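Visitor: Protein sequences, first through last, are from chains A and B. Residues in the first sequence are numbered from 1 upward in steps of one, following the UniProt record's numbering. Residues in the second sequence are numbered from 1 upward in steps of one, following the UniProt record's numbering.
Hints are computed from structural coordinates only; laboratory data are not their basis. Certain hints may be false.
A short, non-exhaustive set of chain B residues, derived as facing chain A with CB atoms under 7 Å [as the list claims (entries may be wrong)]:
1. V30
2. S98
3. E181
4. W210
Below 20 Å or equal to it, Euclidean Cα-Cα: the simulated SDA-like pairs (lysine to any residue) are [stated by the list, open to error]:
5. A:K63 with B:R81
6. B:K63 with B:A268
7. A:K63 with B:T83
8. A:K63 with B:S79
Facing chain B, a subset of chain A residues (Cβ under 10 Å, in silico) [stated by the list, open to error]:
9. H22
10. E23
11. D26
12. F28
13. H59
14. V96
15. R106
16. S117
For clarity, every value in this text was computed on a predicted model and none was experimentally measured. Don't be surprised by glycine CBs; every beta carbon is placed ideally from N, CA and C.
Protein chains: 2
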Amino acid sequence: MEALHDAVALHADGGALVGQVHEGWDVFGVPHGGYLLALAGNAVLTATGAPDLFTITTHYLRKARHEPVRFHVTRVGGSRRFTTVTATAVQGEDVVLSVMASVGDRTAFEGPAWRRSDPWSPDAAGLTPRAGTPEMERVTGGGAFRTPEVSARAGERLQVDTLGFAGGVPDGTGEIRAVAETLPADQLGALVACDVTPPAAWNALGAQGWVPTVELTAHVRARTGTGPLAVAVESRHIGDGFLDEDAVVHDAHGRLMVQSRQLARWTA
Amino acid sequence: MEALHDAVALHADGGALVGQVHEGWDVFGVPHGGYLLALAGNAVLTATGAPDLFTITTHYLRKARHEPVRFHVTRVGGSRRFTTVTATAVQGEDVVLSVMASVGDRTAFEGPAWRRSDPWSPDAAGLTPRAGTPEMERVTGGGAFRTPEVSARAGERLQVDTLGFAGGVPDGTGEIRAVAETLPADQLGALVACDVTPPAAWNALGAQGWVPTVELTAHVRARTGTGPLAVAVESRHIGDGFLDEDAVVHDAHGRLMVQSRQLARWTA
Chain A
1 MEALHDAVAL
11 HADGGALVGQ
21 VHEGWDVFGV
31 PHGGYLLALA
41 GNAVLTATGA
51 PDLFTITTHY
61 LRKARHEPVR
71 FHVTRVGGSR
81 RFTTVTATAV
91 QGEDVVLSVM
101 ASVGDRTAFE
111 GPAWRRSDPW
121 SPDAAGLTPR
131 AGTPEMERVT
141 GGGAFRTPEV
151 SARAGERLQV
161 DTLGFAGGVP
171 DGTGEIRAVA
181 ETLPADQLGA
191 LVACDVTPPA
201 AWNALGAQGW
211 VPTVELTAHV
221 RARTGTGPLA
231 VAVESRHIGD
241 GFLDEDAVVH
251 DAHGRLMVQS
261 RQLARWTA
Chain B
1 MEALHDAVAL
11 HADGGALVGQ
21 VHEGWDVFGV
31 PHGGYLLALA
41 GNAVLTATGA
51 PDLFTITTHY
61 LRKARHEPVR
71 FHVTRVGGSR
81 RFTTVTATAV
91 QGEDVVLSVM
101 ASVGDRTAFE
111 GPAWRRSDPW
121 SPDAAGLTPR
131 AGTPEMERVT
141 GGGAFRTPEV
151 SARAGERLQV
161 DTLGFAGGVP
171 DGTGEIRAVA
181 ETLPADQLGA
191 LVACDVTPPA
201 AWNALGAQGW
211 VPTVELTAHV
221 RARTGTGPLA
231 VAVESRHIGD
241 GFLDEDAVVH
251 DAHGRLMVQS
261 RQLARWTA
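My request is simple: use the sequences and hints to build the entire structure.
Guide: Dropping the structure here:
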């Protein structure tokens with residue numbers, strides 16, 4: 001199976017970085033938002049030479065296609081330890097993504113550790129399952145829920161007690177949990193992971209329609225970790241055609257890799 | 001007292017929009033991040049002619065000064081119902097803010113309503129106090145905690161049971177709640193409100209040092225509401241010199257106005 005790092009590879013071409021939107025990293029033929037985010041993240045790291053993404057925002061302007069993609073990365077400004085850039089991802093004449101990120105070297109920072117003690121904490125909620133944890137199951141084809149290509153690539157297994165939507169009975173929690181067994185446990189893998197589950201809103205209002213991302217911002221909190229990655233996703237507010245979706249991605253030792261939030265549209 | 005709308009006023013000058021970073025909207029002399037966000041939001045709305053911000057991200061590159069500020073707003077792309085722009089806020093030679101936003105007209109969207117039932121929900125937690133609610137109190141000068149200028153402008157009153165940090169005994173919750181009685185109950189007021197409390201992390205690790213924002217993203221979920229605005233802020237993960245801070249801003253009827261999240265630095 002093609003590794004993520006091959007699927008986000010880039011080469012310089014004039015002032016641009018050129019990659020390919022690969023097949024297989026998609027949702028029923030539509031290139032996956034988290035995969036495009038990882039592509040954009042790799043473009044930002046490559047263009048700046050920085051080792052670490054701190055925060056990256058992507059606006060999804062048009063559906064990407066399985067074609068070459070050109071990233072134009074522009075330095076906006078910065079300071080001693082931060083560089084801020086904007087970028088566009090262009091396919092043909094279309095701007096597909098609009099990106100902003102701040103990057104640097106996280107080894108230049110240090111500070112105390114504290115984690116909120118609430119049900120959303122990974123320790124409290126068992127968000128760090130190891131491979132084979134029985135309460136996780138692979139969602140396969142058939143029935144009410146088909147497996148998107150990107151889920152297969154990620155080795156995604158969904159926690160059964162957050163799967164009500166797949167049987168037509170949403171849990172009413174607005175929450176889904178999963179592990180991604182075959183994504184690399186690094187910042188690019190975690191960027192895919194934060195968007196890899198079905199929409200958490202399906203566990204609120206039911207599995208219906210597309211939930212296209214308008215904007216996704218990911219705070220990257222670690223450069224590397226130990227796989228598999230664990231993903232917990234929740235929506236809190238659906239209304240007037242929009243919704244939020246938060247994700248936290250931890251490594252197998254409970255290390256926070258990524259916190260993300262997206263604004264998406266409810267189209268059903 | 002000068003109204004927010006006067007403090008974010010802009011005029012066209014060539015291809016730029018020029019405003020002034022006003023005194024009084026600051027934290028002990030440093031212009032306030034939420035106020036700068038509202039200035040940026042107004043620049044985006046003015047440049048595009050759109051009535052609604054959907055999502056706006058600001059990276060804080062340098063401390064702003066109480067001087068004129070020039071916004072350069074550039075259209076990146078868009079579709080029938082969305083326009084995406086980048087913008088910079090420049091003072092002298094310095095890029096102070098780097099901004100990305102998607103805007104449009106929210107009356108073109110509709111959909112069902114759902115709200116997660118958890119302690120973070122405004123109904124469950126009493127996040128919609130009316131003026132005079134006794135459990136809120138005005139934090140005044142003196143003691144361990146002085147009132148920043150922006151808090152006075154906002155008419156901020158903090159909920160006493162989230163004030164442990166002010167007496168030197170953090171509650172350990174990483175959470176602060178407040179009302180902002182004199183901010184306008186509209187999208188620009190809500191952008192100030194989402195950053196107007198003391199750092200929620202002070203109620204985890206204690207009130208010490210600056211907590212400068214690296215990046216703040218706000219999802220605007222309503223154009224206008226009914227004041228006063230209620231603000232609930234929490235941090236979940238502090239570590240390695242960084243932290244997250246989430247805020248939700250509701251109007252007096254429990255209508256969600258803004259959800260925001262920032263990545264900030266813990267410098268103590």
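Visitor: Verify the interface restraint on D26 of chain A: the C-beta must sit less than 10 Å from at least one C-beta of chain B.
Guide: violated (20 Å)
Visitor: Is the shortest C-beta separation between V30 of chain B and chain A less than 7 Å?
Guide: Since the shortest Cβ distance to chain A is 15 Å, the answer is violated.
Visitor: For the restraint on W210 of chain B, tell me whether the closest CB of chain A is nearer than 7 Å.
Guide: Since chain A brings no Cβ nearer than about 12 Å to W210 of chain B, farther than 7 Å, the hint is violated.
Visitor: Going straight from one Cα to the other, do K63 of chain B and A268 of chain B come out at no more than 20 Å?
Guide: OK: K63 of chain B and A268 of chain B at ~18 Å, within 20 Å.
Visitor: Quick check on the hint: H59 of chain A CB to chain B CB, less than 10 Å?
Guide: It holds, given that the least Cβ distance between H59 of chain A and chain B is near 5 Å, below 10 Å.
Visitor: Can we keep the E181 of chain B interface hint, with Cβ of chain A closer than 7 Å?
Guide: Not OK, violated: E181 of chain B not within 7 Å of chain A, min 24 Å.
Visitor: CA of K63 of chain A to CA of T83 of chain B, is that 20 Å or under?
Guide: Distance ~15 Å between K63 of chain A and T83 of chain B Cα, so the pair holds.
Visitor: Min Cβ distance, S117 of chain A to chain B: is it shorter than 10 Å?
Guide: For S117 of chain A, the interface hint holds, since the closest Cβ of chain B sits about 8 Å away, which is under 10 Å.
Visitor: Next item in the hint list is R106 of chain A. Is there a CB on chain B closer than 10 Å to its CB?
Guide: holds (7 Å)
Visitor: Does E23 of chain A meet its interface restraint, that is, does its C-beta lie within less than 10 Å of any C-beta in chain B?
Guide: With a closest approach of 24 Å, the E23 of chain A hint is violated.
Visitor: Assess, step by step, whether the Cα of K63 of chain A is no farther than 20 Å from the Cα of S79 of chain B, and give holds or violated.
Guide: Roughly 11 Å separates the two Cα atoms, so the pair holds.
Visitor: Can the hint on H22 of chain A be confirmed by a CB-to-CB distance to chain B that is less than 10 Å?
Guide: violated (23 Å)
Hint compliance for this structure: hints 1, 3, 4, 9, 10, 11 and 12 are not met, and every other hint is.
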